[in-house]
Amino acid sequence: MEQPGYDYHVDIPGTTIFDGRMAMKGYALNKMCYSFNSRENREAFAADEDAYMANYRLSDAQRDAVRARDILGMIEAGGNIYYLAKLAGIFKLSVQDVGGLQTGRTTEEFQDFLNSQA
Amino acid sequence: MEQPGYDYHVDIPGTTIFDGRMAMKGYALNKMCYSFNSRENREAFAADEDAYMANYRLSDAQRDAVRARDILGMIEAGGNIYYLAKLAGIFKLSVQDVGGLQTGRTTEEFQDFLNSQA
Amino acid sequence: MARILGGITTSHIPAVGNAIAKNLQDDPYWKPFFDGYPKIHAWIKEQKPDVVINIYNDHGLGFFLDRMPTFAIGAAHEYRNEDEGWGIPELDPFPGAPELSWHIIESMVSDEFDITSCQELPVDHGFTVPMQLFWPGAPHNPDMPRAIPISANTVQHPIPTLKRALDFGKALRKAVLSYPEDIKVVVLGTGGLSHQLDGQRAGFINKEFDLYCLENIVSNPEVLTEISRLELVEKAGAQGTEFLMWMMMRGALGDDVTELTRNYHIPISNTAAGTLLLECA
Amino acid sequence: MARILGGITTSHIPAVGNAIAKNLQDDPYWKPFFDGYPKIHAWIKEQKPDVVINIYNDHGLGFFLDRMPTFAIGAAHEYRNEDEGWGIPELDPFPGAPELSWHIIESMVSDEFDITSCQELPVDHGFTVPMQLFWPGAPHNPDMPRAIPISANTVQHPIPTLKRALDFGKALRKAVLSYPEDIKVVVLGTGGLSHQLDGQRAGFINKEFDLYCLENIVSNPEVLTEISRLELVEKAGAQGTEFLMWMMMRGALGDDVTELTRNYHIPISNTAAGTLLLECA
Ligand SMILES: [Fe+3]
Ligand SMILES: [Fe+3]
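Protein chains in written order, with the working numbering: chain A, 5 to 122; chain B, 5 to 122; chain C, 19 to 299; chain D, 19 to 299.
By construction, these hints were calculated from the structure, which means they are not laboratory data. Small disclaimer: the values here were computed from a predicted structure and weren't measured. Fair warning: there could be bad hints in the mix.
[Unchecked claim] Just the calculated beta-carbon pair ranges, DEER-fashion:
hint, chain 1, residue 1, chain 2, residue 2, range
1, A, R25, D, R280, 32 to 42 Å
2, C, H158, A, T110, 51 to 61 Å
3, D, N238, C, D84, 34 to 44 Å
[Said to hold, decoys possible] In silico lysine-lysine, DSBU-like type, Cα no more than 35 Å apart, as pairs:
hint, chain 1, residue 1, chain 2, residue 2
4, D, K253, A, K35
5, A, K35, B, K29
6, A, K29, D, K181
7, D, K63, D, K188
8, D, K202, D, K40
9, D, K202, D, K49
10, D, K225, A, K96
11, B, K35, C, K253
12, D, K49, D, K225
13, D, K192, D, K66
14, D, K225, D, K188
15, C, K253, D, K188
16, D, K181, C, K188
17, C, K192, D, K192
18, C, K40, B, K35
19, C, K202, C, K66
20, D, K192, C, K188
21, C, K181, D, K181
22, A, K96, D, K49
23, D, K192, C, K253
24, D, K188, D, K253
Ideal placement from N, C-alpha and C gives every residue a C-beta, glycine not left out.
With the hints as constraints, model all of the structure from the sequences given.
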C-alpha cells in the first residue's frame with residue numbers, strides 16, 4: 005500500500021493535490037461550477053453573482069476569490085481546476101489567460117513559457 | 005471467470021435475472037419508477053398515468069402492464085422489483101399483495117404460504 | 019490506533035421502520051423479531067463505538083441504473099434519509115465521519131478496490147432501519163456514533179462475487195486498523211436472509227440454506243466464497259443476494275470472533291430475518 | 019470471436035475541437051499537431067474496426083464529486099455529447115454497442131474489477147476530440163464504428179494506480195477476446211501527455227518524462243507500473259495523470275505490438291501532445 009507513504013509526504017511546489025481534504029473544503033464551490041454545464045445556470049450566475057453564490061452556500065473565502073477572479077484563491081479554497089474551468093469560461097478566460105494569472109505572467113509571456121519547453 | 009459458465013446457463017424457475025439484457029429492455033420503465041422517489045412525480049403520475057408514461061417513453065408492453073397492474077408483465081417487460089416497488093406503493097399494494105398477485109394467491113393465502121416456511 | 023469492536027448483522031425490512039414508528043415491538047407478529055435486539059443494545063451501551071460503518075445495499079434511492087457502482091463509500095459530513103416513495107417516516111440526517119471515510123477510500127483504492135466515493139448520498143431503509151434497531155430513536159439516541167455508509171450493488175447483475183465481498187471486508191479492516199486516531203468502530207452487515215419479492219417464485223424462503231450461512235459466516239466464511247452468484251440467487255432468493263453485505267462485514271472482523279447472540283425468525287414481511295452479534299478478539 | 023486490431027493514443031485538448039470546427043488544420047500553429055493523423059486515417063480505412071472502445075477521463079460533465087467512480091463503463095444505446103460550459107460545438111450522439119458493453123462488464127466484475135455501469139452517460143471533449151481526430155466528421159464519418167466509452171477518475175485523489183490501470187486493460191482484453199461475435203475492435207487511450215493547468219506550476223511540461231513514457235508504453239509497459247501516483251503528478255503535471263488512460267489502453271493490446279506511427283509536439287494549448295498507433299500481432 006502506497007498510503008501513507010510517498011503519496012502523503014511528497015511536496016510538489018506550486019501544486020495542490022486535490023484529495024479528500026481539499027474536496028471537503030471545496031465542495032460548495034465545485035458544485036456551483038458543475039452547475040455551469042447548463043446555459044441557464046451560467047446566465048443566472050452572470051445576472052447576479054452574489055445571489056448565485058449564496059444559493060450554493062459558498063464560504064466567504066470562496067466568494068471573495070470568485071469576486072476577485074483570483075484563481076489561486078479559488079484553488080486554495082478547495083476549487084478543482086476541472087470545475088473551475090467552467091467558471092473561467094464564463095469570465096471568457098482562456099487556459100493561457102488562467103495560466104498567466106496564476107504565474108504572474110501576461111498571457112503572451114505564459115505562451116512564450118509554454119513554447120520555450122519544446 | 006464464472007461467466008459464461010454457471011452464471012449464464014442456470015435456469016431458476018419463476019425467477020428473472022435482472023442482467024444487462026433485462027436492464028436494456030426495461031430502462032424506460034425503471035427510470036419512470038425511480039422518478040417516484042419524489043412526491044410531486046407520484047402525484048403527476050396519479051393525475052394522468054398515460055401522459056406520464058408517454059413522457060418516459062414506455063414501450064407498449066410496459067404501458068399495458070402498468071395499466072393492468074400486471075406485476076409479472078412489468079417484470080417481463082424489463083421492470084426491476086426495487087424500482088417497481090415504488091409504483092406498487094402508489095397503487096397501495098403491500099409486498100404481500102404483490103406476492104399474491106404474482107403467485108395467483110390472495111394476500112391471505114400468500115401470508116399463509118410465508119408462515120408455512122417457518 | 020482505531021479498533022474494530024465487532025460486527026452486527028440484521029435484516030433491514032422496510033416494514034420494520036413502520037413497526038417502530040407505530041410502537042409495535044410487543045405485538046405478537048413482531049415480538050419474536052424484536053426479541054433479538056436487547057442483548058445488542060446492552061453490548062452497544064457497554065462498548066460505546068465512536069463510528070458505525072453501515073454496509074447496506076441501496077434499493078433505488080441513492081443510485082439509479084444510469085451510474086450504478088459496484089462498491090460505493092460515503093464521504094460526507096452527513097447523510098440524509100430521503101423519500102423512497104412509499105411513506106416510511108423520514109429520519110433526521112445522520113452525522114458522518116468524513117476523515118475516516120477518506121482514509122478508508124485512500125487505503126482501499128491503493129489496495130486495488132475500485133471505489134465510487136460519494137460526497138453526497140441519500141440513504142434509504144437499508145441504512146436507516148438497522149440504525150433504528152440498534153440505536154432506538156436514531157439518529158437522536160445519545161450514544162449514536164458517527165456513520166459511514168457503504169453500499170454494494172445487488173440491483174443489477176453482475177453483482178460482486180462472494181469472494182470479492184469478503185476480500186472487500188478484509189481490505190476495509192486493514193484500512194480502519196491503520197487509522198491513527200484512537201477510535202472504536204462497529205461494522206454492520208444489513209439485508210437478507212433468504213427472500214424473493216419478484217416473479218412466480220415470490221415468497222421463496224430457504225431455512226436450511228440460511229442456517230448454513232448463519233453457521234459459516236461466524237466460523238468459516240471462506241467456505242461461503244465457493245457459492246457462485248447465481249447459486250446464491252437460486253438458494254437465497256433473488257433479493258437474498260443481500261447476503262453479500264454480511265460477507266463484507268465479516269471480512270472486516272478478522273479471523274477470531276466470538277458469537278454473542280443470534281436470532282432467526284420466519285417471516286417478517288416476505289423475509290427470513292437474521293440477526294448476529296460478533297465480537298472481535 | 020472478437021479481435022483487437024490495435025490501440026491509438028492521443029491528447030484530447032478541448033482547443034482541438036475548436037480548431038477542427040474552424041478548419042485550422044493547415045494553420046502554422048496547428049499543422050505540426052495535425053500532421054500526426056493521416057497515417058492513422060489510412061490504417062483505420064484499411065482495418066475498418068466495428069467497435070471503438072474509447073478510454074478517456076471525464077472532466078466534470080458525466081460525473082460529479084457526489085458519486086465519483088474509479089472506473090466507469092458505458093452500456094447505452096447512444097452517448098450524447100452535452101454542453102460542457104465553454105462553447106465547444108456539440109456533436110451528434112455516438113451510437114453504442116451495449117451487448118459488448120455488458121459482456122465486458124460481466125467479465126470484468128467476475129475478474130474482481132469493481133465497475134460502475136452507465137446506462138446513460140453524457141460524454142465530454144475527452145471522448146469526442148479523439149473521435150473527431152481519428153474519424154473526421156464524427157459521428158457522421160461513413161466508417162464510424164459503434165462506441166463504448168470507459169472513463170477513469172483523474173479528478174479526485176485517490177486515482178487508480180498505474181498498475182491497476184494496466185491490469186484493467188489486461189482484464190478488458192480478456193473480456194473482448196471472449197466475445198463470441200466476429201468483430202474487430204480498436205482501443206483508444208486519450209489524454210496527456212505532460213501538462214498542468216492549476217497552481218503556481220501551471221504551464222509545466224516535461225519532455226524528458228514524456229519521451230520515457232512514449233518509449234516504454236510500447237515495449238515495456240510493466241516498468242511504468244513502478245511510478246507512484248504522486249510521482250506521476252510530480253513528473254507529468256497535475257493533469258498529466260491522464261496518462262493512466264494510456265496504461266489502460268496498453269493493457270488491452272497484449273504483449274506483442276508494432277508501433278506504426280508516433281508524433282510528439284509541444285505545446286498545443288498548455289499540453290505536450292502525443293500520438294501513437296500500435297498494431298496488435
Ligand atoms: Fe433490502
Ligand atoms: Fe483532459
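Structure-based check of all given hints:
Between A:R25 and D:R280 the beta carbon distance is about 39 Å. The supplied range of 32 to 42 Å therefore holds. Between C:H158 and A:T110 the CB atoms are about 58 Å apart, so this pair conforms to the stated range of 51 to 61 Å. At about 39 Å, the CB distance of D:N238 to C:D84 agrees with the hint of 34 to 44 Å. In summary, the hint linking D:K253 to A:K35 is supported, as the alpha carbons are separated by about 29 Å, within the 35 Å threshold.
Under the criterion of a C-alpha separation no larger than 35 Å, the hint pairing A:K35 with B:K29 is consistent with the structure, at around 33 Å. A C-alpha spacing of about 30 Å is found between A:K29 and D:K181, which places the hinted pair at or below 35 Å, so the restraint holds. A threshold of 35 Å between alpha carbons decides the hint, and for D:K63 with D:K188 the separation of about 26 Å falls inside it, so the pair holds. With a CA separation close to 32 Å, the supplied pair D:K202 and D:K40 stays within the 35 Å bound.
A hinted pair counts as satisfied when its Cα atoms are at most 35 Å apart, and D:K202 with D:K49 qualifies at roughly 31 Å. Under the criterion of a C-alpha separation no larger than 35 Å, the hint pairing D:K225 with A:K96 is consistent with the structure, at around 30 Å. Between the alpha carbons of B:K35 and C:K253 the distance comes to roughly 29 Å, so the proposed pair stays at or under 35 Å and holds. In summary, the hint linking D:K49 to D:K225 is supported, as the alpha carbons are separated by about 20 Å, within the 35 Å threshold.
As the CA atoms of D:K192 and D:K66 are separated by approximately 21 Å, the hinted pair is consistent with the 35 Å bound. The hinted pair formed by D:K225 and D:K188 meets the criterion: a straight-line CA distance of about 28 Å does not exceed 35 Å. Restraint check: the Cα-Cα separation between C:K253 and D:K188 comes to about 33 Å, which is no more than 35 Å; the hinted pair holds. Distance restraint check for D:K181 and C:K188: the Cα-Cα separation of roughly 21 Å lies within the 35 Å cut-off, and the hinted pair is therefore satisfied.
Distance hint between C:K192 and D:K192 is fulfilled; the C-alpha atoms sit about 30 Å from each other, no more than 35 Å. For the hint linking C:K40 to B:K35, the alpha-carbon distance of about 32 Å falls within 35 Å, and the restraint holds. Note on C:K202 and C:K66: the hinted pairing holds, with a Cα-Cα distance of about 8 Å set against a maximum of 35 Å. Straight-line distance between C-alpha atoms of D:K192 and C:K188 comes to about 27 Å, which keeps the hinted pair within the 35 Å bound.
At most 35 Å may separate the alpha-carbon atoms for a hinted pair to count; C:K181 and D:K181 meet this at roughly 22 Å. A C-alpha spacing of about 26 Å is found between A:K96 and D:K49, which places the hinted pair at or below 35 Å, so the restraint holds. The straight-line distance between the Cα atoms of D:K192 and C:K253 is roughly 30 Å, inside the 35 Å bound, and the hint therefore holds. Our distance criterion of 35 Å between C-alpha atoms is met by D:K188 and D:K253, whose separation comes to about 25 Å.
Checked against the numbered hints given earlier, the structure satisfies every one of them.
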